[in-house]
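Q: Starting from the given sequences, assemble the full structure and let the hints guide the process.
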Amino acid sequence: VCAFFWRIGLRLGGRASPRLAFWPAPPRPLYLLWNVIAASGARIVRKAERADALIVFDDQTYYTPPNGWQDALNARCTDVSKSKVVAVFEAVSGRKLGLDPTEHSGPMVRKGEINGAHDGAILTGPVGSEPGMTYQRLIDNSTDEGTVIDLRCPTLFGKPLTVFLKERPIASRFANMNSRCRIAEPDAVFSAEELDLIARFCQTLGLDWGGIDVLRDRQSGEIFIVDANKTDMGPPLALPLGDKIAAMSTIAARFQSGLRAYIKARQELNP
6 VCAFFWRIGL
16 RLGGRASPRL
26 AFWPAPPRPL
36 YLLWNVIAAS
46 GARIVRKAER
56 ADALIVFDDQ
66 TYYTPPNGWQ
76 DALNARCTDV
86 SKSKVVAVFE
96 AVSGRKLGLD
106 PTEHSGPMVR
116 KGEINGAHDG
126 AILTGPVGSE
136 PGMTYQRLID
146 NSTDEGTVID
156 LRCPTLFGKP
166 LTVFLKERPI
176 ASRFANMNSR
186 CRIAEPDAVF
196 SAEELDLIAR
206 FCQTLGLDWG
216 GIDVLRDRQS
226 GEIFIVDANK
236 TDMGPPLALP
246 LGDKIAAMST
256 IAARFQSGLR
266 AYIKARQELN
276 P
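Each step along the sequence shown adds one to the number in my numbering, with nothing skipped, and position 96 is 101.
Hints are supplied without guarantee of correctness; some may be wrong.
Computed cross-link-like contacts, BS3-like style, restricted to lysine-lysine with a CA-CA straight-line distance of at most 30 Å [what the hints assert, rightly or not]:
| hint | residue 1 | residue 2 |
| --- | --- | --- |
| 1 | K101 | K164 |
| 2 | K164 | K249 |
| 3 | K101 | K89 |
| 4 | K101 | K52 |
| 5 | K101 | K269 |
| 6 | K164 | K52 |
| 7 | K249 | K101 |
Restraint ranges, calculated between C-beta atoms of paired labels, are given here [unchecked claim]:
| hint | residue 1 | residue 2 | range |
| --- | --- | --- | --- |
| 8 | A30 | A251 | 26 to 34 Å |
| 9 | R271 | A126 | 39 to 47 Å |
| 10 | P276 | S184 | 22 to 30 Å |
| 11 | A180 | S88 | 18 to 26 Å |
| 12 | S262 | N72 | 25 to 33 Å |
| 13 | G247 | M182 | 31 to 39 Å |
| 14 | D192 | G247 | 19 to 27 Å |
No lab work stands behind these hints, which were simulated from the structure alone. Virtual Cβ for every residue (Gly too), placed ideally from N, Cα, C.
A: Quick look at the structure:
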């Protein structure tokens, strides 16, 4: 599959393909961005001075960009802890997501603050607060078939490039394995107002490139952004091969277009 993506990249990219430099290191093949770069035809270079764009690709929850990288993509995204995601989402949406576990009565979700922990659990409050944990509303994203659906959105400059509808049994709702996965166009899943909310969330968090997890509450119909990741992996394993190829072709074309517009705008500002 990766070799196929490289062939797509040769067709999409050509000799004028953007050159990208990464800190602290380029993405590896298990990461979605590696596949996007391969499929788009962008080129990875080692030296920042040879690059058309710089990208911070660091999977730590908290970090500080090094000297010379303060203007790189994702340089402002210095905190992707669960409590930070909650705070940003509440600020841009006006919807309550975080909870005080010592005061909340009823079900709630407890998650570790650290990126990629996959340690969510449902508790019944009130309970004592544990160090290193954050507490959120339990969003009812269930289906009539006894599953839950997470909407994973790879984004560039706040725009979802596609939507992975990741489905799994309710009993394993916090697992990292899906029983089914589909793809959909962003405007078929989200309204214009919701797409604007996603854009404002990414802008406020400083997430220029990355993935966000969105849950749609079955009762209210409202969306809640519950996680953000600068270094998400993918495409999802449960996605059929044909859909993987289609998704990567779409993401790559939109990534290339958005990146070229970004590079052109920077060149015009600094001729």
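Q: If a hint holds in the structure, say so; if it does not, say that too.
A: Evaluation of the provided hints:
{"no.": "1", "hint": "K101 - K164", "in the structure": "holds, 23 Å"}
{"no.": "2", "hint": "K164 - K249", "in the structure": "holds, 20 Å"}
{"no.": "3", "hint": "K101 - K89", "in the structure": "holds, 14 Å"}
{"no.": "4", "hint": "K101 - K52", "in the structure": "violated, 44 Å"}
{"no.": "5", "hint": "K101 - K269", "in the structure": "violated, 39 Å"}
{"no.": "6", "hint": "K164 - K52", "in the structure": "holds, 28 Å"}
{"no.": "7", "hint": "K249 - K101", "in the structure": "violated, 35 Å"}
{"no.": "8", "hint": "A30 - A251: 26 to 34 Å", "in the structure": "holds, 29 Å"}
{"no.": "9", "hint": "R271 - A126: 39 to 47 Å", "in the structure": "holds, 44 Å"}
{"no.": "10", "hint": "P276 - S184: 22 to 30 Å", "in the structure": "violated, 53 Å"}
{"no.": "11", "hint": "A180 - S88: 18 to 26 Å", "in the structure": "holds, 22 Å"}
{"no.": "12", "hint": "S262 - N72: 25 to 33 Å", "in the structure": "holds, 31 Å"}
{"no.": "13", "hint": "G247 - M182: 31 to 39 Å", "in the structure": "violated, 21 Å"}
{"no.": "14", "hint": "D192 - G247: 19 to 27 Å", "in the structure": "holds, 22 Å"}
Going down the numbered hints, you'll see the structure goes against 4, 5, 7, 10, 13, while the others check out.
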